[in-house]
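Protein chains: 2
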Amino acid sequence: MKFFRDNINEMQAYIPGEQPANLGQIAKLNTNENPYPPSPRALEVLRGYTDGNLRLYPDAMARDLQLAVGDVLGVPSDWVLPGDGSDDLIIMIARSCLAPGRRVVFPTPTFPYYKTQGQIAAAEIVEIPTSEAEDFRIPIDAVIAAAGDVTFLSSPNSPTGVAIDPDRLDYAAEKLDGLLVIDEAYADFADANALKLLEKRNNVIILRTLSKGYSLAGLRVGFGIANPQLLEGVLKTKSIYNVGAIPAAVGAAALRDQTYHDECVRKIIEQRGRMSQELSARSCKVWASQGNFLMVTVPDGNAKSICDGLKDRDVLVRYFNNPAMADKLRISVGSKCEVDKLLAGWDSLELK
Amino acid sequence: MKFFRDNINEMQAYIPGEQPANLGQIAKLNTNENPYPPSPRALEVLRGYTDGNLRLYPDAMARDLQLAVGDVLGVPSDWVLPGDGSDDLIIMIARSCLAPGRRVVFPTPTFPYYKTQGQIAAAEIVEIPTSEAEDFRIPIDAVIAAAGDVTFLSSPNSPTGVAIDPDRLDYAAEKLDGLLVIDEAYADFADANALKLLEKRNNVIILRTLSKGYSLAGLRVGFGIANPQLLEGVLKTKSIYNVGAIPAAVGAAALRDQTYHDECVRKIIEQRGRMSQELSARSCKVWASQGNFLMVTVPDGNAKSICDGLKDRDVLVRYFNNPAMADKLRISVGSKCEVDKLLAGWDSLELK
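Going down the list, the sequences are from chains A and B.
Using this note's numbering, the first residue of the first sequence is number 1, and each one after it goes up by one.
Using this note's numbering, the first residue of the second sequence is number 1001, and each one after it goes up by one.
Just so you know, not all the hints are guaranteed correct.
Covered stretches of chain B, as calculated for chain A (at least 3 residues, CB under 8 Å) [unchecked claim]:
| # | segment |
| --- | --- |
| 1 | 1014-1021 |
| 2 | 1026-1037 |
| 3 | 1091-1097 |
| 4 | 1112-1122 |
| 5 | 1214-1221 |
| 6 | 1228-1234 |
Okay, derived cross-link-like pairs now, BS3-like style, lysine-lysine, Cα gap no bigger than 30 Å in a straight line [unchecked claim]:
| # | chain 1 | residue 1 | chain 2 | residue 2 |
| --- | --- | --- | --- | --- |
| 7 | B | 1115 | A | 2 |
| 8 | B | 1175 | B | 1200 |
| 9 | A | 2 | B | 1196 |
| 10 | B | 1115 | B | 1311 |
| 11 | B | 1285 | B | 1196 |
| 12 | B | 1285 | B | 1115 |
| 13 | A | 175 | B | 1002 |
| 14 | A | 2 | B | 1200 |
| 15 | A | 336 | A | 311 |
| 16 | A | 2 | B | 1285 |
| 17 | A | 341 | A | 311 |
| 18 | A | 196 | B | 1002 |
| 19 | B | 1002 | A | 200 |
| 20 | A | 285 | A | 311 |
| 21 | A | 115 | B | 1267 |
| 22 | B | 1200 | A | 115 |
| 23 | A | 336 | A | 285 |
| 24 | A | 336 | A | 304 |
What the hints contain is simulated information worked out from the structure, not anything from laboratory work.
Bear in mind that the values here come from a model prediction, so they are computed numbers and not experimental data.
We treat Cβ as the ideally placed atom computed from N, Cα and C, and that holds for glycine.
Let the sequences and hints guide you as you build the complete structure.
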């Protein structure tokens, strides 16, 4: 359509995972949501929002959230840039840093949204493939050699579950001239994170979200952490009041309830181990994961038919419509009950 | 900073109006919020959000909101594109349609965010000045002659309060080859709107918000209305889950409570008339407004000192740091009580 830029006309829209209108009996293991409800303290704050304050614009920087992140993660609050989910931060970074003639680099497979944003910016897109033979480890030197103006490294990475050692990330940050975005959407479930890099590397921005570890995907809260000089440039492309009053306050309360968070994470890691063991026992190749999901190579190589079969049994898992992933599924770690349902569904499939 | 595009380094960030952390006794008439609380029915829906559904991603198209807009405004629901405030829609349109070599056109003074988005896109920016001598009427033929790939017309316009007759907007849509964005953020308070244009003009997108007429600035809900072919291109730059589950449900309930909405609007229009009369009686030139605000030329020509003086008296009004607006204030229409406070504050100023 003539109204749109050529690159917009040519690109495909990002297609999100299926969100059924009513969950009913469905075990929803397709979009890496948390199986547990949000913190009771967060829900208590939500109940406080019955008065008329919603008539006022929220604080443009979601100050409550900045303060909570600062306290909980031990970073200065002005190093925190709140977003309408961490997708919003990815968009801001792309808008501030990418354009024709500038390059975005990321390993594949990964979150397809980095590519989407590169396409919107009409930037040069360099994908660094990881390989099954190398257990999908990120080839850091190849990533560095690609010399991105922006490099996205998701750690732990979806869909593979592979995390990058913080020392390797530090090495990448040191060698890269451009901006290094470390997407830690799944860091809550990992052995380590890269927060310590922020002190010495001025080209690093870390992304976090409350959608996974804090059971608040429906609230839309994410944030970036970086030095204020760096945030100043990213901020210029922020929507004025991008985070509403409710997400800011409820998100802050969820962050401050670390006891509840830690208990949810503990249970998810426990079920991740069980799922891995049980699916391996069913002849799947289960890839080691530091996220709240497992990537699985299915025994008969036909992941689509298993995905469809499980769907018929009210179990949603993620199949990627991508030839390189034809034999793989990504399955979110559910509650004990949901994992039971997955395994029962699996056992009732007529696998060839 | 080398990480950012040159145009980002060169541009200034948009500076929103002041949002005091605690309102206390302040009459906040600086950012065109609604003085009345949101619909009680909307707040009732909010109270329903104490369960665990927030752990799930929201519907990517905020279906509840689409349906409510469809029912209330009499448009097909798939003509509705929900946003994280209408700012979010302005951003999507800019990202999908603007780039170097493409042109954005808008009259001035207006919402400065159109320019901000043109700067971010590094597009050609053509500002069509309106003049005091012509009562800030929009010179439609000059706007058309500027031949924008995207033309923004805010009606009613802030800060002037001037609305454009729907027939004139229709004429502009007919003559323009590019996209015409009619920003109706303030249409709730106006005599007419441009919805009927959507049926016959395939290059029109209308923007609405719940921040003004529905007292929900803190919730962050806006939407665009256009034919689905047009929305398809705009949609490609939407953040995946841009509207959270709470804004979608609460916003839908607010929209469906038209009785409450109409009563709030009626009271605001009543106070707008009273404010206009009273400020005129205090030697202000009050410009005719179809919004929930008045633009006022102050008697001594020094709007800054009046803004500061009123602030000392707990009354916030909007002063624009812009030479062309040095003798003008934009004052939101408050409740009767807030208007009383404004007038008492005004009378206690020592005007030269």
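Cross-check of the supplied hints:
no. : hint               : in the structure
1   : 1014-1021          : holds (count 5)
2   : 1026-1037          : holds (count 7)
3   : 1091-1097          : holds (count 4)
4   : 1112-1122          : holds (count 3)
5   : 1214-1221          : holds (count 6)
6   : 1228-1234          : holds (count 4)
7   : 1115/B with 2/A    : holds, 22 Å
8   : 1175/B with 1200/B : holds, 13 Å
9   : 2/A with 1196/B    : holds, 23 Å
10  : 1115/B with 1311/B : holds, 28 Å
11  : 1285/B with 1196/B : violated, 34 Å
12  : 1285/B with 1115/B : holds, 28 Å
13  : 175/A with 1002/B  : holds, 15 Å
14  : 2/A with 1200/B    : holds, 18 Å
15  : 336/A with 311/A   : holds, 19 Å
16  : 2/A with 1285/B    : violated, 44 Å
17  : 341/A with 311/A   : holds, 12 Å
18  : 196/A with 1002/B  : holds, 23 Å
19  : 1002/B with 200/A  : holds, 18 Å
20  : 285/A with 311/A   : holds, 21 Å
21  : 115/A with 1267/B  : violated, 49 Å
22  : 1200/B with 115/A  : violated, 36 Å
23  : 336/A with 285/A   : holds, 21 Å
24  : 336/A with 304/A   : holds, 25 Å
The structure shown violates the earlier hints numbered 11, 16, 21 and 22.
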